[in-house]
Amino acid sequence: MNIYSVAYKNLLRKKTRAALTAGGIALSAWVLATLLGFNRGYENGLNRDIDNMGFQVLLTAKGCPYEAATLMLKGGTGLRYMPESVVKTVYLNPEVEKVTPMLMQGVFDPNKGENGAIAAYLGVDALTFPAMKGYLEFKQGGWFKDNNAYEAVMGFEAAELEQREVGDKLLIPGVDKELAVTGILKRSGTQDDGTIFLPIGAVQKIFGKQGKLTGLGIKVRKDADMAAFENKLYDLPDVQVVSMAQVKTTIMNLVNSARVIVLGIAVIAVIIAMAGVINTILMSVMERYAEIGILKSMGAMPLDIFKMIWAETAMLCSVGGAGGIFLSFLTARVSESAVRYFLPYAPNGALIALDWRICLFAFLLIVVGGLLSGVYPAWRAARVRPLEAIRIEGEQ
Amino acid sequence: MMMPTMSAKDLSKIYRRGSEEVRALDGVSFEARSGEMAAVIGPSGSGKTTLLNIIGCLDNPTAGTLSVGGEEIFGGRKELSEKELTFIRRRIFGYVFQKFYLIPTLTVRENIMLPSAFYKSSAGAKSPDDVMKLLGIDKRAGHLPGELSGGEMQRVAIARALINSPKVILADEPTGSLDSRRTGEIKEILRELATQGMTVVMVTHNLELAKAADRVIELRDGKVV
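Protein chains in written order, with my numbering: chain A, 1 to 396; chain B, 1 to 225.
Hints in this document: simulated from the structure, not taken from any laboratory. Wrong hints could be hidden among the right ones.
What the hints assert, rightly or not - In silico BS3-like links for lysine-lysine, alpha-carbon gap of 30 Å or less: (1) B:Lys83 to A:Lys307; (2) A:Lys307 to B:Lys223; (3) A:Lys169 to A:Lys212; (4) B:Lys120 to A:Lys9.
All figures in this text were calculated on a predicted structure; none of them were measured in a lab.
Same shape as in the complex, but just chain A (with noise of 0.2 Å):
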């Protein structure tokens, strides 16, 4: 028999009291944990997508690249070009390791979902662009050979989407062409999972855009200064410089000024669970004020009373926090689908990650919170005067 067990069992006095508040606590530590989990994932997604994209730089013709992606999206129009001889150029500079020219064309397929929609192909190099792109893994056959050749590897996404395996045709609306599958990749969690790629030298001939590219991946060395490369890039004309660092950063700063109003808002779940925690122990303080009189009158001490009360709150604190974190992990499927309904842009890949430091992150943060609630609640009832609290369970 000691404190902690009397303390525990003094839980037990108004069970559903002290579930509903360690209820509060879990969704506190459940919100928490998942907040955390989201922005360590989100983060992670958005490092594993930009570092997948195998190039630091990539340049593009002059014009706004989210305007041009928008009327891409609207109707296959108003992409921007640059000419095939910014290769050569770019490949000129000392710092650069490897460069990949891509092409990206989009027609409307009428057989696409219910209304039809745009469907996308990327016409790469055959030569550098497997090179860049090294952790992509086939699942069945392999890259086209031939820059020229009217053939087509599907990513993971995009092969189970259109139901396409190797050897199959593949046909382009509008321009009615048909192309052979070579390969189908195996998932990577990047957006090449649902890439349909082609090679660069038929998708300018398919689309009669010969010498004209809409990107340029470039691959810079590792002791490279990348702010003065760029500085050189942007005095190419007609080019834009789009770093895939400052688009990182761009990103992050944006998805941080969200971070910001939802930790506010996890903070204030945290502050509502701990003042449910306040209520609960003071009221049970002031419940047992006679019977806290009666424990000093048998030589409990005003620490030994403390300690007691405060426990009763870390115990509380701890399977509530323990029960939110667990929670967490149970519908962290769930909340990373909401997530991804409601975000403009999700990378791929877990978005909440979930990991032992965020867990004993958010639990202790419950569990100090916890702890600092009772604080007042366990000092009221250590100051209780034997004599007093008897006197007055007296005159009740």
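Fit chain B to the supplied structure of chain A, relying on the hints for placement.
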């Protein structure tokens, strides 16, 4: 001649109620020896509970001396602090209250062991099994207070008071919540404790219980009559 276990001399307690002075105890003196059962009786407001609180070290007297087992507790020095009073209570007293104050979620055995969660007696804590056997509640060890009769609950409260081997048992209306049959049982138990060498001091309105005492201290208006 045997030394008295408890000796109170000229104990007074004065409360202030606004500008009014209330003399709850007025020069109360008495002695109680080990193996003796003393009953404090008197009408309501006569100072019985105040006397019990002072001799039980729950409160300081305004004046007077109190010694227990030859050790002077109150003797005209400064008031004892809450901590000092607690240390004395731990060593010397076991308390029994009219309303039992058992913790409803603890079993009989756990309730009896409750004081030892806070303090282990240097005189050696008694075995809960021995205490339960002595009080005839050994078969109820695993039961919760809600499953016991009033008499059984008071036995548990007495067992809890005994667990740290006190010199003195102080009981405030120990039979106040019990019927006459249970009152008789509790009287026998208190008598038995005195026979074993403890000093039992009880406040009671019950004349049957008072008649069983070796010494009766009757109070009226804070004075022994």
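Right, here's what the structure says about each hint:
At most 30 Å may separate the alpha-carbon atoms for a hinted pair to count; lysine 83 of chain B and lysine 307 of chain A meet this at roughly 16 Å. At most 30 Å may separate the alpha-carbon atoms for a hinted pair to count; lysine 307 of chain A and lysine 223 of chain B exceed this at roughly 42 Å. Taking the CA atoms of lysine 169 of chain A and lysine 212 of chain A, the gap is near 26 Å; set against the 30 Å cutoff, the hint holds. Only pairs whose Cα atoms come within 30 Å are accepted, and lysine 120 of chain B paired with lysine 9 of chain A is accepted, the gap being roughly 21 Å.
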